[in-house]
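**Q** Each chain, written out:
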Amino acid sequence: GAVVSQHPSWVICKSGTSVKIECRSLDFQATTMFWYRQFPKQSLMLMATSNEGSKATYEQGVEKDKFLINHASLTLSTLTVTSAHPEDSSFYICSAGRQSNQPQHFGDGTRLSIL
Amino acid sequence: KQEVTQIPAALSVPEGENLVLNCSFTDSAIYNLQWFRQDPGKGLTSLLLIQSSQREQTSGRLNASLDKSSGRSTLYIAASQPGDSATYLCAVTYSGGGADGLTFGKGTHLIIQP
Numbered sequence: 001g002a003v004v005s006q007h008p009s010w011v012i013c014k015s016g017t018s019v020k021i022e023c024r025s026l027d028f029q030a031t032t033m034f035w036y037r038q039f040p041k042q043s044l045m046l047m048a049t050s051n052e053g054s055k056a057t058y059e060q061g062v063e064k065d066k067f068l069i070n071h072a073s074l075t076l077s078t079l080t081v082t083s084a085h086p087e088d089s090s091f092y093i094c095s096a097g098r099q100s101n102q103p104q105h106f107g108d109g110t111r112l113s114i115l
Numbered sequence: 001k002q003e004v005t006q007i008p009a010a011l012s013v014p015e016g017e018n019l020v021l022n023c024s025f026t027d028s029a030i031y032n033l034q035w036f037r038q039d040p041g042k043g044l045t046s047l048l049l050i051q052s053s054q055r056e057q058t059s060g061r062l063n064a065s066l067d068k069s070s071g072r073s074t075l076y077i078a079a080s081q082p083g084d085s086a087t088y089l090c091a092v093t094y095s096g097g098g099a100d101g102l103t104f105g106k107g108t109h110l111i112i113q114p
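For the record, the sequence lines run as chains F and L. Going by this note's numbering, the first sequence opens with residue 1, and the numbers climb by one from there. Going by this note's numbering, the second sequence opens with residue 1, and the numbers climb by one from there.
The set of hints was computed from the structure by calculation and includes no laboratory data. Certain hints may be false.
Said to hold, decoys possible - Residues on chain F that point at chain L, a partial pick, calculated with CB under 8 Å:
(1) I12
(2) C13
(3) L46
(4) T80
(5) P103
(6) G107
Stated by the list, open to error - In silico EDC-like cross-links for lysine to aspartate or glutamate, where the CA-CA straight-line distance does not exceed 20 Å:
(7) K106(L) - E59(F)
(8) K41(F) - D100(L)
(9) K64(F) - D100(L)
(10) K41(F) - D39(L)
(11) K42(L) - D108(F)
(12) K20(F) - E87(F)
(13) K106(L) - D108(F)
(14) K106(L) - D39(L)
(15) K41(F) - E52(F)
(16) K55(F) - E87(F)
(17) K42(L) - E59(F)
(18) K68(L) - E3(L)
(19) K66(F) - D88(F)
(20) K55(F) - D100(L)
Every residue, glycine too, gets a C-beta built ideally from N, C-alpha and C.
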């Protein structure tokens with residue numbers, strides 16, 4: 001069964017809306033979770049590393065004020081897309097791993113469509 | 001900047017054939033390499049993970065090999081089935097502490113014809 005749960009699966013909303021996406025590790029504690037974005041026909045690109053109890057680490061070119069990450073507990077990380085615009089429409093997906101030498105487990109992703 | 005390249009980008013074969021998907025990475029100092037399967041509009045399913053010290057991993061009809069020095073990995077699928085149709089992604093990580101995310105290739109879109 002799923003070990004990482006991501007919610008919601010789909011979001012369609014108007015431009016200017018802020019959208020929150022949740023990522024939960026179901027049966028293990030994750031001090032680190034990762035957020036990725038995938039545009040059509042492109043590879044998954046790492047956006048940021050979510051660290052429990054501290055600030056997230058963002059990849060170059062990702063606006064930290066645009067994509068707010070909160071990792072307040074060992075089982076939950078949230079990504080908030082603030083004031084979303086059509087160019088933010090994409091597939092967002094999170095991952096977490098039990099240990100460094102174990103596979104990363106991915107959520108089912110969130111398809112975000114901004115009108 | 002690390003780059004992961006997957007060849008071919010798309011592949012369509014009749015059911016029952018054996019096939020090989022290729023992955024190459026520019027920086028050979030990887031910690032591990034993973035192969036994933038992604039179904040349309042869905043998340044990722046981990047298929048195989050190969051540590052940098054290993055040469056291959058097997059799971060059922062899948063076999064993944066790793067040649068770290070040359071920066072290459074292959075995913076071998078035996079006796080392909082229509083249910084194998086999906087996009088296959090190769091990804092590497094360069095940190096053993098779990099502190100780094102994965103660098104992905106663009107994937108190989110595989111269609112198995114019934």
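**Q** Name the hints, by number, that the structure is in violation of.
**A** Those not satisfied are hints 1, 2, 4, 8, 15, 16 and 17.
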